[in-house]
Amino acid sequence: MMEIIGIWMAALLTLCILSFLYKDNPFYKFAEHLFVGLSAAYWAVYYYFNILYPNLIQPLFGHGQLLLIIPLVLGIMMVMRLFPKVGWVSRWPLAFIVGSYSGYNLITYLQSNALEQVRATLVPFIQIESWKSLFTNPGVMTFLNAIAAPVVVVGVTTGVIYFFFSKEHKGVFGGFARIGVWFLMIAFGASFGYTVMARISLLIGRMYFMLHNWLHLI
Amino acid sequence: MNIAGRLEKIDRRIIFLLTLLAVVIPLLLPIGFEIKVSEPVQKFYEAIEALPPGSKVLVSSEYDPATMPEVYPMNQALARHCFKKDLKIIGMGLWPQGIPLNQASMEQGAEEYGKEYGVDYVNLGYKAGGIVVISAVAENMPNTFPLDYAGRPIEEFEIMEGIRNFDNIDLIISLSAGDPGVRHWVMIAQGRYGKKVAGGVTAVSAPAFYPYLNAGQLQGLIGGMKGAAEYETLLGATGTASRGMDAQSIAHGLIIFLILFANFFYLLGKRRKK
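Top line first, the protein sequences correspond to chains A and B.
Counting along the first sequence from 1, when you hit position 140 you're at 140 in our numbering, and nothing is skipped either side.
Counting along the second sequence from 1, when you hit position 134 you're at 134 in our numbering, and nothing is skipped either side.
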């Protein structure tokens, strides 16, 4: 019974939200406010019972782990942000977070997102095996495999040239920068295509719920 | 007013209605377009296929109900695949709302393949901290997660016997809809500990992960509902992602048509003004 009530509520609230596509209306406003209120309550309860209580309150006051006084004090300092007169106090815990997080991330980020990516770009311009496979088995996929390495190398090089602003983009240099722009545009287009796909997927998910779980039409 | 002028002033609700029809009609009347498997999904599938029975797979769920249509089908198919191959799943998550979704996927797969909680799979639950949690798990898993998602001590479970850190994990899979997620697993688990990592991500974020795949930092990648449908195809099972592919194709066709149509009349109008 509870499941049926849940499905009906979800379906009706979905309709309320989608009604905004026609025009703003009280049903949409109701669903929107309900969502905001419920989310706030859900996260407040969740954070207390899953983060604050097991990680701070229980070990500090229950098991006497006094070292946790430090994060407690930093946490209280952070809340000072709510009081304009002493708001500056919150900068200290914020500085602690930013400093420790960047220190922690710096090397790992550099390794995974810079050095590894540079290494992946340092590939033979002509990959003999791919070209052999293109000649023995001609096709779209083998052709794309054969040109993959040059495309990566040319794309990265010209893309970097486009972002080099210390020299005016004229002549040969400007030509390379222009090729870089083309690569960037294609990348943005692919990214936008993926975004459209994601949004349509969400609509499909909701419509599947309405037609399958609620109306039992499919 | 000419046709280009009229089209410029078209009520956007007509486009909404067309999009709705393009999604609903194929769901009601499936066409059955062929689903071709792409290389990143094939690699993901092969990464799991390569594991011998009894291997331990860490599945971290970093998504929430808002991205369920894209990531949940991957989670379901992944659980089925692992249980079919007699692999053990250790579930955890860096997003709190992903925990029950991962649990539901594992329960569903366990029911189909007769697997038992605590023996064949376990759910360690959520821990706040993102990248720091990954590092902690890498060093000492029982210390980081002393209890499972329901508050039971993990020593009770047979699957956790001998599990200390990343050395005892054969493959790490992150199903993510944002940060913390696949990126952080690559940074810590792959970058620092040299573990094999594969990912399932939403379509919006998929392009950002292709460089990792190209560099060999990711073993495989499933991107969005389309990727999930390809994975289902490889497993020979029809899930919610495969069922949505006809609607996805028709809706994409409509959008392509609208873009071309609008640009054609825009350019035509511009030429006439000259």
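The hints are simulated quantities; they were obtained by calculation from the structure and are not laboratory data.
Incorrect hints may appear among the rest.
To be verified - Computed footprint of chain B on chain A; a stretch qualifies when at least three of its residues, placed anywhere within it, have a C-beta under 8 Å from a C-beta of chain B: (1) 49 to 58; (2) 108 to 118; (3) 194 to 201; (4) 207 to 215.
What the hints assert, rightly or not - Ranges of calculated distance between the beta carbons of each label pair, as one might list FRET restraints: (5) P53/B / H169/A: 52 to 60 Å; (6) S55/B / I186/A: 38 to 46 Å; (7) K270/B / H169/A: 45 to 53 Å; (8) N213/A / P53/B: 29 to 37 Å; (9) R81/A / G253/B: 46 to 54 Å; (10) I70/A / N143/B: 17 to 25 Å; (11) L34/A / A262/B: 48 to 56 Å.
To be verified - Pairs of lysine-lysine residues, derived as DSSO-like cross-links and limited to a Cα-Cα distance of at most 27 Å, are as follows: (12) K36/B / K85/B; (13) K84/B / K36/B; (14) K43/B / K9/B; (15) K36/B / K132/A; (16) K85/B / K43/B; (17) K36/B / K196/B; (18) K132/A / K9/B; (19) K23/A / K36/B; (20) K84/B / K196/B.
Predicted model, so just to flag it, every value in this text is computed and none were measured.
The beta-carbon is built from N, C-alpha and C at its ideal position, and this holds for glycine as well.
Among all the numbered hints in the text so far, which are the ones the structure does not match?
7, 11, 14, 18, 19
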